[in-house]
Structures are given as structure tokens and as C-alpha cells.
Amino acid sequence: KRATDLRATKPAQSFIRVLTEDSGTVPVTKVFFRGDITQPRQDVAPSDLSILAATTTVPVGIPANDKAITTTGRRLAWAKKLTDGKHPLVARVIVNRTWMHHFGQGLAATPGDFGALGIRPTHPLLLDWLASKFMRDGWDLKKLHRLLMTSATYRQPATASPALHAADPDNRLLGRMSLRRLDAESLRDAVLATSGSLVTTRNGPPVPVMADRVGQWIIGKENLNAGRPGAVIDMKGAQFRRSVWVEVRRSRPLAVLDSFDRPAMEPNCTQRVSTTVSSQSLMMMN
452 KRATDLRATK
462 PAQSFIRVLT
472 EDSGTVPVTK
482 VFFRGDITQP
492 RQDVAPSDLS
502 ILAATTTVPV
512 GIPANDKAIT
522 TTGRRLAWAK
532 KLTDGKHPLV
542 ARVIVNRTWM
552 HHFGQGLAAT
562 PGDFGALGIR
572 PTHPLLLDWL
582 ASKFMRDGWD
592 LKKLHRLLMT
602 SATYRQPATA
612 SPALHAADPD
622 NRLLGRMSLR
632 RLDAESLRDA
642 VLATSGSLVT
652 TRNGPPVPVM
662 ADRVGQWIIG
672 KENLNAGRPG
682 AVIDMKGAQF
692 RRSVWVEVRR
702 SRPLAVLDSF
712 DRPAMEPNCT
722 QRVSTTVSSQ
732 SLMMMN
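Start counting the sequence shown at 452; every next residue gets the next number (this note's numbering).
For the record, the hints were derived by calculation from the structure and aren't laboratory data. There could be a bad hint or two in this list.
[Claimed, not checked] BS3-like mimics (lysine-lysine), calculated; alpha carbons at most 27 Å apart, straight line:
(1) K532 x K594
(2) K687 x K461
(3) K461 x K481
(4) K532 x K461
(5) K687 x K672
Using the sequences and the accompanying hints, generate a full structural model.
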């Protein structure tokens, strides 16, 4: 008991997540002849892959030996190049994914493939107009969300006449609002809100996840004593915070979200799927 009391007086460890970039002069990158590092040939500057570009690629303008920049400046230069308004895909991809978030399906049905193998947009002029306005508004995502959610298309009813449903069963022409199930995070938040347990505290450390006695990942703080689970640690209501604050790890998928099609992150998920399986009913019963 004394050892447990002493451990309780130990100050909590704090961690800071940081991202660093190498400083100094930008190194020269060479093209290796036939991939042989002992045979460097011509210089190559950072840019898009020329073999995949529809037009001639323009090298990223990296400032040379700029004393005002404490790093190589490559990340900043690349970010400026992507958002200078000349890149053919960046604004379109962002707008398409935002549209998909609100309507269930993007104007281009393949959000991760805008190339030759992707599905062409159903409304290409609308996609281009939204991308252009998004850039004119200073890449402001809040304005983009507001524009979509106040549009007549978003505020349509989900009902449809038999003729309209027969002509466009998949609603690709946006003649009505498609019915969609809540995603995993929103469903958990809705259950907590309905039960009166939802805690709306913002910011702060993430809500931790841990393995229970059967190996299922649940919300909670790990308390291991010599490798064995100890007493349950009181989280003081933090376990009822919104799902956006719950810790996300690829190796620790939260069971309640996993059952309702939490996006798989191996590799990164470009579009969620919606399934109906028996484990969802069992999870809701528990």
C-alpha cells in the first residue's frame, strides 16, 4: 500500500509533439544513372513528378541561402507552390472532399483519384466554380462549409417522386438530399448527448484509450502494475467528451467506433464505407 501511495505522488509526465526541419544550405540532389548511387548525373530540383504531370513541371522556388529562414525552406516553398492558385488539383480535391462530407458522395466519386483512372465529375463546372471561389475566399474552409450548407441543394428534402427516383436512383444529379447514416464519431456523440452525459469541454490533452481485460480497445487510462491491470483510474468525466478529442492510433482502434465503420488508417482512408452488421446491434445493447 505504501508503494502505491508513493506512486500516486509522482508528477504526471508531459509530452510535447514537435516537428523539426533540418537547417542549413539546401543540399544538391542528383539523378543516379540507372539507380546507382556511385554514378550521379544531372542536378534535379524538388518538384512534382514530371512523368505524371500533364504539363511541364515548374521547380519549386526555394530561396537560396536566405538568412531570414532558419531552415532549408523546402516545406514553406512547397506549401506556397500548392496554394498559389496555379495547381490544377489542390483546390478541386479539397472542395470535392468537403462536398463529400456534407452530401455523402463527392462531385467526383473517386476522391483519391483525379487522374485518368478516376471517375469524371458529374458537375465539372460546379466543381471548378467552387474551387475558384474557395481560392478567392483565401482558402477559408469555414466559408466553404457555410456556402455548401446554406445552398438550396443541401436544404432539399430527401423525398423523391417515383419518376425522379426511376430517372436517377443513385441521386447523381442531386435532385434530392440523400439519406445517410451518422458516421461513427457523430453516432457516439449523439448517444452521449441523448443520455445527458456529453461533456463539451474543448482542447486539452486527448482522451486516452486502453485495452480491457478481453483485449478490446476502450476509453480509459492504463494503470499497469508489473504488467498487470491495476485499479480503474477515475477520468473525472473526460471519457464522455466528444469523439473528436479521443486519441486515434492505428494500433488501437476504439471498439465502439470500429463497429460503425470508423475509417481504417492502413493506408489513409479517402472515403468511408457504410455497413450493416450484427455487431452494431450488440454494441448498442452494451
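Taking the earlier hints as the rules, which of them does this structure contradict? Result: hints 3 and 4 break, sorted rising.
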